[in-house]
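Residue numbers (this note's numbering), protein chains in the order written: chain A, 1 to 119; chain B, 1 to 119.
Hint data in this document are derived by calculation from the structure and do not stem from the laboratory. Certain hints may be false.
Identical copies look the same in the list; a pair holds intra-copy or inter-copy alike.
List of simulated lysine-lysine pairs, BS3-like, C-alpha gap at most 25 Å [unchecked claim]:
id : residue 1 : residue 2
1  : 113       : 92
2  : 53        : 92
3  : 113       : 7
4  : 62        : 32
5  : 105       : 32
6  : 105       : 92
7  : 53        : 113
8  : 8         : 113
9  : 7         : 105
10 : 113       : 32
11 : 62        : 113
12 : 32        : 7
These are the residues of each chain, in order.
Protein chains: 2
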Amino acid sequence: MTEEEAKKIVNSMNFRHEMNTVISVLQDVETKEILMVGNMNREALYLTLTTGKTHFWSLTRKTIWMKGETSGHYQIVEDVLIDCDEDAVVVKVRPEGPTCHTGNKSCFYRSFKVFLANQ
Amino acid sequence: MTEEEAKKIVNSMNFRHEMNTVISVLQDVETKEILMVGNMNREALYLTLTTGKTHFWSLTRKTIWMKGETSGHYQIVEDVLIDCDEDAVVVKVRPEGPTCHTGNKSCFYRSFKVFLANQ
Chain A
1 MTEEEAKKIV NSMNFRHEMN TVISVLQDVE TKEILMVGNM NREALYLTLT TGKTHFWSLT
61 RKTIWMKGET SGHYQIVEDV LIDCDEDAVV VKVRPEGPTC HTGNKSCFYR SFKVFLANQ
Chain B
1 MTEEEAKKIV NSMNFRHEMN TVISVLQDVE TKEILMVGNM NREALYLTLT TGKTHFWSLT
61 RKTIWMKGET SGHYQIVEDV LIDCDEDAVV VKVRPEGPTC HTGNKSCFYR SFKVFLANQ
């Protein structure tokens, strides 16, 4: 995506609530599995759109981070879907390794049954 | 799910930030399409788990609402996945009609290309 296209999208989004972010849902473009959910502020969304690698805003550390910057497991952006009220995006990605810090492919690796069995 | 199981899950979740909510991603159990994203507070998550219909917390109206309460387009809960740090859930649902208030099946009905073409 060109810088101009990315600016148009960023300027159309509704960065909401105290955090000034949009919700970003990462979905595997092939398997359609949901990999993780993160927050993107203006800069993180702009960097995601222009570099083709997912970037997020850490609400706790107050910094931009790129998925894969330490692990090498980048997420390559294949498509971006925008929701009806412009405060959330689905980013379809090709993951270059597990997304979750636990080593699982997805952060959503536990169904409620597995979760309850381990309580 | 029993009330006891639902209470165990709700008590394990990390309701975060100023809103005291978890992020909830609704996914069509058949097509794997992402339908919408919403916020659930303790009560909305508990009601979702015990009634088998999705409930949300409206950050603007400060009320609980059930998907379909006005449209009749309920979302029937088929599975719930919990993320690694317990502050987000994926709810796999069987939608009984379009999810989006625009009449589209999903709130994420615009790829960025369509979005830019309509700016």
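Checked hints:
1. 113 with 92: Between copies only: 14 Å across, 27 Å inside.
2. 53 with 92: within (11 Å within a copy, 27 Å between copies)
3. 113 with 7: between (43 Å within a copy, 14 Å between copies)
4. 62 with 32: neither (30 Å within a copy, 33 Å between copies)
5. 105 with 32: both (12 Å within a copy, 17 Å between copies)
6. 105 with 92: Answer is both; intra-copy 15 Å and inter-copy 18 Å each pass.
7. 53 with 113: Between copies only: 18 Å across chains, 34 Å inside a chain, cut-off 25 Å.
8. 8 with 113: This pair counts as between: shortest inter-copy Cα distance 11 Å, intra-copy 43 Å.
9. 7 with 105: The answer is neither: 31 Å in one copy and 28 Å across copies each exceed 25 Å.
10. 113 with 32: Both ways: residue 113 and residue 32 sit 22 Å apart in one copy and 20 Å across, limit 25 Å.
11. 62 with 113: Neither. Shortest intra-copy (34 Å) and inter-copy (31 Å) distances fail the 25 Å Cα cut-off.
12. 32 with 7: Close neither inside one copy (27 Å) nor across copies (30 Å); limit 25 Å.
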